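Chemist: With the working numbering applied, the sequence shown covers 3 to 450.
Honestly, the hints are just simulated from the structure, not real lab data.
There may be inaccurate statements among the hints.
BS3-like, lysine-lysine: derived pairs with alpha carbons at most 30 angstroms apart [claimed, not checked]:
#, residue 1, residue 2
1, K178, K225
2, K167, K309
3, K170, K225
Computed beta-carbon distance windows for the label pairs [claimed, not checked]:
#, residue 1, residue 2, range
4, S103, T81, 42 to 52 angstroms
5, N129, T164, 18 to 28 angstroms
6, D54, R193, 38 to 48 angstroms
7, Y65, F340, 24 to 34 angstroms
8, C251, T81, 37 to 47 angstroms
9, L339, T226, 50 to 60 angstroms
10, D239, T81, 20 to 30 angstroms
11, C102, K364, 39 to 49 angstroms
12, N129, P265, 46 to 56 angstroms
13, P109, N129, 16 to 26 angstroms
14, S103, R193, 36 to 46 angstroms
Since we're looking at a predicted model, the values are computed, not measured.
Even for Gly, the Cβ is constructed at its ideal location relative to N, Cα and C.
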Amino acid sequence: MAASGRSVACCAAALLAAALLLSAPTATEAYDSLDPNGNITIKWDIMQWTPDGYVAVVTMFNYQQFRHIGAPGWQLGWTWAKKEVIWSMVGAQTTEQGDCSKFKSSPPHCCKKDPTIVDLLPGTPYNMQIANCCKAGVVNTFNQDPANAASSFQISVGLAGTTNKTVKVPRNFTLKTPGPGYTCGRAIVGRPTKFFTADGRRATQALMTWNVTCTYSQFLAQKTPSCCVSLSSFYNDTIVNCPTCSCGCQNPSGSNCVNEDSPNLQAAIDGPGKCTGQPLVQCTSHMCPIRIHWHVKLNYKDYWRVKITITNFNFRMNYTQWNLVAQHPNFDNITQLFSFNYKPLTPYGGGINDTAMFWGVKFYNDLLMQAGKLGNVQSELLLRKDSRTFTFEKGWAFPRRVYFNGDNCVMPSPENYPWLPNASPLTKPLALPFLVFWVALAALLAYA
């Protein structure tokens, strides 16, 4: 009988432990609930046939709400289905030519089975350009800069089919920016793309079209976060810093960071990792390249004011076309914004307006300079109070989530938020004691 009771207790303990594990929030998710349909679509349009292949225009469209491809730009790759070669390219180039020794004269641009393509730089001669090319691989978002939300190049393919039935679509598409993060699906042949004349009276179409969709995962992109959030308020002297080791921990020797006043700062900036864009961060407790500070500044009768400061701790990176996304229930009543552009995001439909995207004003603060005295941008928000929901209690005035350049930032723990001076400790979140209680109960049942 005792053995039977112990068996039941062990089963109950196992069920409780499983429930705790399943209810625990994940650190990073591949699916982004703030941009559920965001992706990069690569469209491959065959425009004409050649004696041994075809000429195609490849266009990359960024359909992500707030994630762009910054410097040093994209790298697109694939594997040929047969023995194709690239005779020539306009608006882009391959990183390697490969072995073209079997061609006695006029060797192709690339003979590799798995070529890697990169964009050309600004200032490329006009005879090597096509529309939407030559931006060093930088692709902005439609929200922020729709005129630069696509990138194109022309490719002449040989030793391929010369009809819709004999052409084989490439396989194993990869998109790097320049590191990992994007996962691409297989190429799907669809309806040929139509092209309209300037007056809209005539339409032509591609001979064949296929599409490839690539989606982003922060978990695949990097093992550690790239930004963190700190908090403060006018009603509490406490400044809640970014959690310690948010983006990694400082080595005992300090070899993975550098102080701003270090005499070896310039040598460290020019050292290993400069060409690859590896971050060189200032030595801090959080070790993040970017810190976002949210300060509840003032309280009026019908309004309240927030100051947002973005600080760059990366000595090797100027962030061009940066953007910030935050989630707060009072964003449906933003009255005035100073020195930032703003657009509401409604990932859950028009009925819920609690997510906002901010970015810099062109030629004013759209460039976040590298770490140092000029390495920050800031703005203030004026929000109208909603009497049904507004409160300064229990951390309500602070954001729920914050993203910088599409990456989720590390938030402080809710029990550390600045509290009202008269707030009782009993009003603080009970999540941790609740978990401790259930863990203790599971242990007691296991040994009952």
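Chemist: Taking the hints in turn, state whether each one holds.
Modeler: Here is what the structure says about each hint:
The straight-line distance between the Cα atoms of K178 and K225 is roughly 16 angstroms, inside the 30 angstroms bound, and the hint therefore holds. Annotation: proposed proximity of K167 to K309 is violated, straight-line Cα distance about 60 angstroms (limit 30 angstroms). Straight-line distance between C-alpha atoms of K170 and K225 comes to about 36 angstroms, which puts the hinted pair past the 30 angstroms bound. Our hint of 42 to 52 angstroms for S103 and T81 is violated, since their Cβ atoms are close to 21 angstroms apart.
Hint check: N129 to T164, Cβ distance near 26 angstroms, so the stated range 18 to 28 angstroms holds. Between D54 and R193 the Cβ separation comes to about 26 angstroms, which falls outside the hinted range of 38 to 48 angstroms. About 30 angstroms separates the C-beta atoms of Y65 and F340, a value consistent with the hinted range of 24 to 34 angstroms. Under the hint 37 to 47 angstroms, the C-beta atoms of C251 and T81, about 39 angstroms apart, fit the expected range.
Checking the proposed 50 to 60 angstroms range against L339 and T226 shows it is violated: the Cβ atoms sit about 32 angstroms from each other. Roughly 60 angstroms separates the CB atoms of D239 and T81, a value that falls outside the hinted 20 to 30 angstroms. A C-beta distance of roughly 44 angstroms is found between C102 and K364, which places it inside the suggested range of 39 to 49 angstroms. Here the CB-CB span from N129 to P265 is close to 48 angstroms, well matched to the stated 46 to 56 angstroms.
At about 20 angstroms, the CB distance of P109 to N129 agrees with the hint of 16 to 26 angstroms. A hinted range of 36 to 46 angstroms for the beta carbons of S103 and R193 is consistent with their spacing of about 40 angstroms.
Violation of the numbered hints given earlier is confined to hints 2, 3, 4, 6, 9 and 10; the remaining hints are satisfied by the structure.
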